[in-house]
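**Q** Take these sequences, add in the hints, and give me the full structure.
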Amino acid sequence: MRRRHRFNLLIWLALLIVAVLEFGFSFAPIPAGARPILMLPAVLMVALVALGYMRLLTAPEIARGFAIAGIFWLTILLGLAMTDPLTRSVYAVIG
Amino acid sequence: MSQIVLPQSQISYLSDGVSLRSWLLTTDHKRIGILYMISITFFFFLGGSAAALIRYNLILPEGAIQSAETYNRLFTMHGIIMVWFFLVPAVPVTIGNFVVPLMLGARDLAFPKLNLFSWYLFMAGGFCALYALFSGGVDTGWTFYTPLSSNYAQGHVVAVVAGIFISGFSTIATGLNFIITIHRLRAPGLTWYRLPVFIWSLYSTSIIFVLATPVLAITLLLLVFETLFHVGVFDPRLGGDPLLFQHMFWFYSHPAVYIMILPGLGIVSEIIPVFARKELFGYKFVVWASVSIAVIAFFVWGHHMFVSGQSLFASVAFSLLSYLVAVPSAIKVFNWLGTLHKGHIRFDAPMIYALGFIGLFTMGGITGLYLAALAADIHLHDTYFVIAHFHYIMVGGMVSAYFAGLHYWWPKMTGKMYPEMIARAAALLMFLGFNLTFFPQYILGYLGMPRRYHAYPPEFQVLNVLSSAGATILAAAYLLPLFYLTFSIFRGERAPANPWGSLGLEWQTPSPPFTKNFTVTPLVTKGPYEFPEPGAIDV
Amino acid sequence: MRLTLPLAASTGAATDYLLLGLVAVSLAVLALVFGLMFFYVVRYRHNSPIDRGAMAEKSFRFEISWTIGTLVIFFGLFIWGSIIYVRLYQPPGDALKIYVVAKQWMWKVEHAGGQREINALHVPTNTSVELIMTSEDVIHDFFVPAFRVKRDVLPGQYETMWFRADRVGTYHLFCSQFCGTAHSNMIGQVVVMPPKDYADWLTTNGAGDTLADQGKGLFVRYGCAGCHLGGGTVRAPSLAGLYGSPVPLSDGSTVIADDRYIRDSIMYPKQQVVASFEPVMPSFANVIGEDDLVRLVAYIHSLAAETHG
Amino acid sequence: MNSLSPARSMSEEVAPHTHFQYADAGHQANTAVAGMWLFLASEVLFFGGLIAAWMFCRHWQPAGFDAGARETVLWIGSLNLVLLITSSFVYSSGLAFIKAGNAGRLIQCCVLTMIIGTLFLLLKFYEWHIDISEGLFPSSGFFKITGADAGGARMFWSFYFVATALHALHMIVGVGLVGWIAIQARRGAYVAGWFTPVEVVGLYWSFVDIVWIVLYPAIYLVGRG
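Heads up: the protein sequence lines correspond to chains A, B, C and D, in order.
Residues in the first sequence are numbered consecutively from 9, following the numbering used here.
Residues in the second sequence are numbered consecutively from 7, following the numbering used here.
Residues in the third sequence are numbered consecutively from 3, following the numbering used here.
Residues in the fourth sequence are numbered consecutively from 2, following the numbering used here.
Source of the hints: derived by calculation from the structure; they are not laboratory data.
Errors might be hidden in some of the hints.
[To be verified] To be clear about the criterion: a stretch of chain C counts as covered by chain B if any three or more of its residues have a C-beta under 8 Å from a C-beta of chain B, and this derived list gives those stretches:
1) 19-32
2) 40-52
[Unchecked claim] Label pairs and their calculated CB-CB ranges:
3) C:GLY95 <-> B:HIS236: 35 to 43 Å
4) C:ARG223 <-> D:ALA166: 39 to 47 Å
5) B:GLY533 <-> A:ARG10: 21 to 29 Å
6) C:PHE64 <-> B:TYR199: 33 to 41 Å
7) C:PHE64 <-> A:PHE33: 56 to 64 Å
8) D:ARG106 <-> C:GLY254: 53 to 61 Å
9) C:ASN121 <-> B:PHE496: 24 to 32 Å
10) A:LEU21 <-> B:ARG27: 50 to 58 Å
11) B:PRO464 <-> C:GLY254: 53 to 61 Å
12) B:SER141 <-> C:ASN121: 31 to 39 Å
13) C:PHE77 <-> B:GLU426: 40 to 48 Å
14) A:PRO37 <-> C:GLY254: 17 to 25 Å
15) A:PHE33 <-> B:LEU234: 56 to 64 Å
16) D:ILE116 <-> A:LEU21: 16 to 24 Å
Since the model is a prediction, treat every value here as computed from it, not as a measurement.
C-beta: ideal position from N, C-alpha, C; glycine also.
**A** Pasting the structure below:
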C-alpha cells in the first residue's frame with residue numbers, strides 16, 4: 009500500500025512538473041504557425057494520467073483494447089476530416 | 007406444462023409476473039426486447055405512413071398534396087423516424103436484446119439496468135422527436151445540412167435534434183452492453199470462432215454504436231448552439247464552413263448505414279445454414295468481413311460529398327476507400343451462395359425472406375458501385391437513383407432481414423407458431439412490391455429527377471405512378487405480418503423448443519425461455535453450424 | 003416514356019460510357035448471383051433426391067479468388083471514374099466564364115457582357131463554358147442532367163463547373179440540393195444555341211455595360227481605387243495582370259489568383275496578405291453583396307486581359 | 002480464453018455483491034471496469050468531434066482564433082489545471098486506501114476530491130462571469146474584439162463556451178458520483194475485497210481530468226502568441 013501511495017505521489021509531481029514546463033514554454037517566442045506544438049506536453053500528461061491514475065497497464069486486457077480503439081478512431085476522425093481543408097485550396101481552379 | 011408448481015427457475019419469462027409494473031421495471035433482457043419491439047413497430051408504421059403520403063403526393067407531377075411545405079415536412083419526418091427510431095435500433099434492440107444472452111449461454115446482458123435505462127432514453131428521445139414533428143414539424147430533411155437547418159429552417163429543429171441526441175445515448179448504452187456481454191459472458195467452450203455470425207455482426211454494429219454516435223451527438227450539439235445563439239461554426243456568413251457539418255454528420259451517418267445493414271447480414275448468415283442444413287461456407291471470412299465492414303465504414307464518409315466542394319484529393323481518396331468497403335459485402339454474398347450449394351434447402355418463411363434479402367441486397371450493393379465511381383456520382387448524386395440505392399439496402403435489405411429474423415425467432419420469443427402459408431405469401435408479396443416501388447426510381451434518377459421534389463416535370467410521371475403502385479402493394483405486405491403475428495400470439499399453435507432444427511444455444515431452452523434463460527449453463531463443444539448428416543434431423 | 007436520357011454535352015460522353023460499363027458489370031454480377039441462387043434452390047431443394055456427392059472441402063481457394071476478383075474489378079472502376087472526375091474538375095483556360103448566383107429559390111445568371119437572366123442559361127455549342135457559382139443563403143446545387151454535370155453551390159465561396167455543349171436544344175436545370183420550401187420550384191432551362199445565335203442573343207439582351215464595366219464603377223464606389231490604383235497614401239498591390247498569376251504571400255507561400263482568391267481577399271483580406279505589404283485593408287464581408295462581388299471579380303479579371311494583351 | 006466463465010448451475014449461491022449473470026465477484030469487477038473503459042472510448046470520440054471541428058475552423062482563420070485566445074483568463078485556467086491534477090491524485094489515494102480496507106480514509110479522500118472539484122467549478126463560473134461581462138460571449142451584439150479578426154475570435158469563443166460547458170457538466174456529474182461513493186463507503190459498502198464502484202468512478206474522474214489537460218493548452222496557451 010505504501011508503494012501505491014508513493015507511486016501516486018510521483019505521478020502527481022511529474023504532472024505538476026510537465027504542467028509548469030508547458031506553462032513556461034508558452035511564453036517562449038514560438039512563431040504563430042508552430043504554436044500548436046504546445047499541445048504536445050498535454051499528450052504526455054494524458055499518458056501519465058492514463059497509465060498512472062487509471063492504471064491502464066494493469067487493467068483487464070479488453071480495457072486496453074478499448075483504449076486503443078478510442079485513440080485509433082480519434083486519429084481517423086481528426087486525420088481524415090483534415091484531409092479536406094488541408095488540400096482544398098491546393099486544387100483550386102486555375103482561371 | 008402441467009399443473010405441478012414449477013421451481014422458480016423454470017417459469018417462462020412471459021408468465022413471471024403479468025402486471026404492467028413487472029414489465030416497465032423489468033431488467034430481463036427478453037422483456038426489454040419485447041418493450042423495444044412494441045416501440046419500434048409503432049415507429050415503423052408511423053414512418054411508413056409518412057412514406058405512403060410521399061408516394062401519394064408524387065402520383066401527380068404538380069404534387070397531389072397542395073403545399074410544398076407539408077411535403078417537405080413529411081419526407082423529413084419519414085427520414086428522421088425511419089433512420090433514428092427504426093432502422094438504427096431495430097434489430098439490435100429487439101432481436102439482439104432477446105437472443106444475444108441466449109446465444110451466448112448467459113443469463114442476462116452484462117448491465118441489465120443500463121439496458122432498461124436505454125429503453126427509457128429511447129422512449130424519451132422518441133417522444134421529444136414526436137412532439138416536434140407533430141407540433142409543426144421540421145423541413146430540413148433528415149440530414150440537417152447547414153446553414154439551411156441552423157438559420158433558415160422553419161419548425162422545431164432544436165426539439166427534433168434533442169430527440170435524436172437522447173436516443174443516441176440509448177444506442178450507445180446498447181452497444182456498450184453488447185460488446186461487454188460478448189467479451190465477458192460467453193458460456194464455457196464458446197470460443198470466438200464458435201460464436202454464431204449474428205453475434206459477430208452485432209459486435210461489429212456495437213463498435214459503430216459506441217464510437218460513431220458520440221460524434222453525431224457533438225455535431226448536433228454544435229448545431230443547436232449555432233441555432234440558439236446565432237454564432238457561426240457551420241454558417242459561412244459568420245465565418246464557419248458548411249462542409250464541416252457535412253464531414254461530421256457523415257462521420258456518424260455513413261457508419262450508421264452499416265449499423266443498419268450489419269445485423270441484417272448476421273440474421274441472414276444465421277438463417278441460410280439452418281434451412282440449407284449445411285455448415286456456413288467460409289465462416290471465418292464471413293465474420294471477418296463483418297468486422298472489416300465496421301472498421302472501413304469509418305473511412306468512407308466523404309463519398310457523400312463528391313459534388314459538395316470538398317477537395318479533389320479528398321474525393322479521390324474517399325472513392326478508393328468506398329470501393330474497399332464493398333469487397334467484404336461481396337464476400338458475404340458469395341459465401342451465402344456457397345452455403346446453398348449442395349444443401350438440403352427448405353422454404354420456410356424465414357428462408358424466403360432471407361433469399362429475398364440476398365437478391366435485394368445484391369441489387370442495392372451493386373448500385374453502390376455507381377455512386378462510388380466519382381464521375382458517375384456527379385450525374386447520379388442527389389437524384390432518385392440514390393433514393394433507390396439506399397432503399398434497396400435499408401428496406402429491401404435490412405427490413406427483409408428484420409422480418410426474416412422476426413419469423414425465425416418468433417416461436418422462441420412468444421412460444422407460438424405463426425400461420426406458415428400466409429407468412430410465405432407475405433414474404434413473396436414484399437419482394438414484388440418492393441421491386442415495383444423502387445426499381446423505377448433507379449431509372450428516374452438516371453433520367454435526372456432530383457430527390458426531395460414536391461413537384462416534377464411531367465415526363466417523369468409514368469415511372470412515379472408505377473412506384474406509387476408498388477408502394478401500395480408493399481404497404482399491404484407490411485400490414486400482413488402485423489395481423490398474422492398478432493393473431494398467432496393468441497391463437498397460434500404452441501411452438502416446440504427447436505422448430506427449425508437449429509443448433510444455436512437459444513434453441514436448447516424451451517420456447518418461451520425461462521426468466522433466467524438456462525437451468526444449467528450449457529457447455530459448448532462445437533461450432534454453431536455443424537449440422538449432422540442430412541436425414542438425421544427431421545422436423 | 004423514354005428510358006434514355008439525351009446527351010447534349012461532349013464532356014458528358016465519358017460519363018455515359020462509364021455508366022454503361024457499370025450497367026454491364028452489374029448485369030453480369032446480378033446474372034451470376036440470381037442464376038446461382040435459383041439454380042441451387044431448385045436443384046438442392048430438401049426433397050430433391052439428387053446425389054450431393056462430396057462436399058467442397060477447402061473453401062480457402064474460393065475465398066481468395068473471389069476476394070481478389072472483386073478487388074480487381076472495383077479498382078478498375080475506381081480508376082475509370084476518377085480519371086473522368088479529375089478532368090471534369092479542371093476547366094480549360096479558354097473557357098467562357100458565366101457567373102451564377104443562387105438564392106432561395108431562383109438562379110441568377112450573369113454573362114460577361116452584362117446580360118442577366120433568371121432561371122435560364124443560354125450557352126453556345128462547341129464552346130467550353132465555365133460556371134462560377136455562389137449562393138446568397140443556403141447550399142444549392144446546379145444540376146443539368148443532359149450535360150451529366152452537377153455541383154453544389156455554397157454560400158461564402160465560389161464553386162466552379164464546366165461543360166462543352168454540343169447539341170442545340172432546351173434542357174432541364176434543377177436545384178438538386180434541398181434548399182427549403184420551394185426547392186422543387188428552383189428549376190430552369192438551359193438553352194443551347196449555335197455560336198452565331200448565341201452572339202445574336204447576347205446583343206439583343208445586352209443590357210448596357212458589361213460585368214467588368216459595371217465592376218469598374220463599383221471599384222471606385224467602394225473605395226478600392228483609392229489604394230489599388232496608386233496615388234493614395236496607402237501602399238497597396240496593383241491589380242493589373244493579377245488574375246491567373248501566382249501571388250507570393252507574407253507567410254512565404256504562393257497562391258494562384260483565381261476567382262476564389264480574389265473573392266476571399268475582398269471579404270477576408272487579412273488571411274492571405276501579399277508579401278511585403280501591410281495588412282491594412284478592411285474586410286468587405288457583409289458590405290458588398292454577391293451580385294456586386296461578381297462584378298468586381300469580373301473587373302479584376304478584365305485588368306489581366308489588358309496587360310496580357 | 003481467459004474470459005470464459007466456469008460452468009455453474011442456477012441453484013448456486015452467489016456472493017452478496019455479485020449479480021446473477023456473473024460467475025464470481027472478480028468476473029463482475031473486471032466486467033464493470035471494462036465497461037467504463039468502453040464508455041470512456043465513446044467519450045473520447047465525443048470530445049474528439051469537438052476537437053476536430055475546432056481544428057477545422059482554426060485552419061481557416063488562425064489569426065482570429067489567436068486574437069480570441071489572448072482574451073482568456075490565464076490564471077484561472079492554470080489554477081484549475083493544478084486543482085484537477087491534484088484531485089485525481091487525491092482520489093487515487095482513496096482507492097489505494099480502500100484496497101487496504103481503510104474505508105475511513107477513502108471517505109476523507111472523496112470529500113477532499115469533491116471540495117477540489119467544487120472549487121474548480123466555482124472558479125469556472127467566476128471565469129465565465131468575467132468573460133461575459135467583458136463582452137466575450139460570441140452571440141452578444143457587443144463583442145469585445147472588433148475588426149478583421151472578429152469573426153475568428155467569435156468562433157474561438159463559441160468553441161470555448163461549448164467545450165468548457167461540456168467539461169463543467171462532466172465535472173458536476175463527477176462530483177455527484179464521488180459523493181455517492183462517499184455515502185456508500187460510509188454505509189460500509191466497500192471492503193478490501195470489493196470496491197469496484199470506487200475504481201469505476203475513479204476512471205471517470207481521471208478522464209474528466211484528461212479532458213481538461215487537453216483543453217487547457219488549446220484554450221489558454223496555443224493562441225497566446
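**Q** All hints are to be evaluated individually against the structure, with a verdict given for each.
**A** So, going through the hints one by one against the coordinates:
no.	hint	in the structure
1	19-32	holds (count 7)
2	40-52	holds (count 5)
3	C:GLY95 <-> B:HIS236: 35 to 43 Å	holds, 42 Å
4	C:ARG223 <-> D:ALA166: 39 to 47 Å	holds, 45 Å
5	B:GLY533 <-> A:ARG10: 21 to 29 Å	violated, 51 Å
6	C:PHE64 <-> B:TYR199: 33 to 41 Å	violated, 19 Å
7	C:PHE64 <-> A:PHE33: 56 to 64 Å	holds, 59 Å
8	D:ARG106 <-> C:GLY254: 53 to 61 Å	holds, 59 Å
9	C:ASN121 <-> B:PHE496: 24 to 32 Å	violated, 60 Å
10	A:LEU21 <-> B:ARG27: 50 to 58 Å	holds, 54 Å
11	B:PRO464 <-> C:GLY254: 53 to 61 Å	holds, 58 Å
12	B:SER141 <-> C:ASN121: 31 to 39 Å	holds, 35 Å
13	C:PHE77 <-> B:GLU426: 40 to 48 Å	holds, 46 Å
14	A:PRO37 <-> C:GLY254: 17 to 25 Å	holds, 18 Å
15	A:PHE33 <-> B:LEU234: 56 to 64 Å	violated, 37 Å
16	D:ILE116 <-> A:LEU21: 16 to 24 Å	holds, 21 Å
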